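All chains should be modelled from the sequences, with the hints used to inform the complete structure.
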Amino acid sequence: MRITFHGHSCVALEHAATALTFDPGTFADTAAALVNPGTLLVTHAHPDHLDVDAVRAALGRHPGLRVLGPEVAFDRLGETPDGERFQVVEPGDVLTIGPFSVLVGGGQHALIHPDVPRVANVTYLVAGDGVRTYHPGDSFSPPLTDDRLDVLLAPVAAPWMKIAEGIDFVRSLDPRTMIPIHDAILSPAGLALVHRLFGEGRTGGTYDYRPLEVGGHLDVTLRVQEPTMTHEPVPHRDPEAVADAILREHPEFDEVPTIEVDETVPPRPEEEVADATRE
Numbered sequence: 041m042r043i044t045f046h047g048h049s050c051v052a053l054e055h056a057a058t059a060l061t062f063d064p065g066t067f068a069d070t071a072a073a074l075v076n077p078g079t080l081l082v083t084h085a086h087p088d089h090l091d092v093d094a095v096r097a098a099l100g101r102h103p104g105l106r107v108l109g110p111e112v113a114f115d116r117l118g119e120t121p122d123g124e125r126f127q128v129v130e131p132g133d134v135l136t137i138g139p140f141s142v143l144v145g146g147g148q149h150a151l152i153h154p155d156v157p158r159v160a161n162v163t164y165l166v167a168g169d170g171v172r173t174y175h176p177g178d179s180f181s182p183p184l185t186d187d188r189l190d191v192l193l194a195p196v197a198a199p200w201m202k203i204a205e206g207i208d209f210v211r212s213l214d215p216r217t218m219i220p221i222h223d224a225i226l227s228p229a230g231l232a233l234v235h236r237l238f239g240e241g242r243t244g245g246t247y248d249y250r251p252l253e254v255g256g257h258l259d260v261t262l263r264v265q266e267p268t269m270t271h272e273p274v275p276h277r278d279p280e281a282v283a284d285a286i287l288r289e290h291p292e293f294d295e296v297p298t299i300e301v302d303e304t305v306p307p308r309p310e311e312e313v314a315d316a317t318r319e
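Heads up: the sequence shown begins at 41 in this note's numbering, then just goes up one per residue.
Fair warning: there could be bad hints in the mix.
[What the hints assert, rightly or not] If you anchor each label on the Cβ, the simulated ranges turn out as follows:
no.: 1; residue 1: 205; residue 2: 248; range: 20 to 26 Å
no.: 2; residue 1: 115; residue 2: 153; range: 19 to 25 Å
no.: 3; residue 1: 199; residue 2: 125; range: 38 to 44 Å
no.: 4; residue 1: 122; residue 2: 230; range: 40 to 46 Å
Hints were generated in silico from the structure; no laboratory data involved. The model shown is predicted, which means the values in this text are computed figures rather than measured ones. Heads up, the beta-carbon is just placed ideally off N, CA and C, and yes, glycines get one too.
So this is what it looks like as structure tokens:
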């Protein structure tokens, strides 16, 4: 299966001549993402995840283009859900799209601020070509499975999160591969810091950290027998319980890493203070 990063939270999965494109928003390269989008899956209706003008234009160019997402997404598009071309999805839905099985989860967008209303946010756990890939949208909702993820598309920067929360989210799931997403608000220096903090060995875990440039792709090969989705999702484990279990098995993960092992980015003053405190 090929995973292509189109910027921010827009990611495409391709296998057996079928494509799924997630969250073509205003911060993404929608011109490239919507050339051959296959089926669009929208996690929520914020503009950085749903570029209304770009998607409307794509609907005009591709008469067979389908859009799936929460109901509010169709309100913004000005389309009436019909269960076919425009399909409302809710947590617990199980979908088959070509060779892909998709389990819908989530429910709500992560809290930005008590004064900012929360919106519906669904998540997508996709199984195809023997690979499980998870897109959480703007949330830390865990996938509805106990099986280890092959690929986690993990948010790394947003008004609703801090890096420590993102690190704990990735640690709790410990996927085989992590691809950082939701990064458009970062400066180059901020992105370099994120790479250092999320990179394997910096925050514990055994995952392979694979940041992608916009337009870049990653080919993920079959690891296990083809997973299947059922209408009875396996109850997920509490992320904190998973993290505690990992720490019991690997106490070295609880050690504070030395930030300045690699000098590709100059140390910040607060990092020098932290290193001095540890010494």
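Cβ separation of residue 115 and residue 153, checked against the hinted range 19 to 25 Å: holds, 23 Å
Take a look at whether the Cβ-Cβ distance between residue 122 and residue 230 falls inside 40 to 46 Å. Since residue 122 and residue 230 have Cβ atoms about 42 Å apart, the given range 40 to 46 Å holds.
Can you let me know if the beta-carbon spacing of residue 199 and residue 125 is within 38 to 44 Å? The hint (38 to 44 Å, Cβ to Cβ) is violated, given that residue 199 and residue 125 are roughly 33 Å apart.
The hint says 20 to 26 Å between residue 205 and residue 248; measuring C-beta to C-beta, is that right? Between residue 205 and residue 248, where Cβ atoms are some 21 Å apart, the hint holds.
In the structure shown, a violation is registered for the earlier hint numbered 3 alone.
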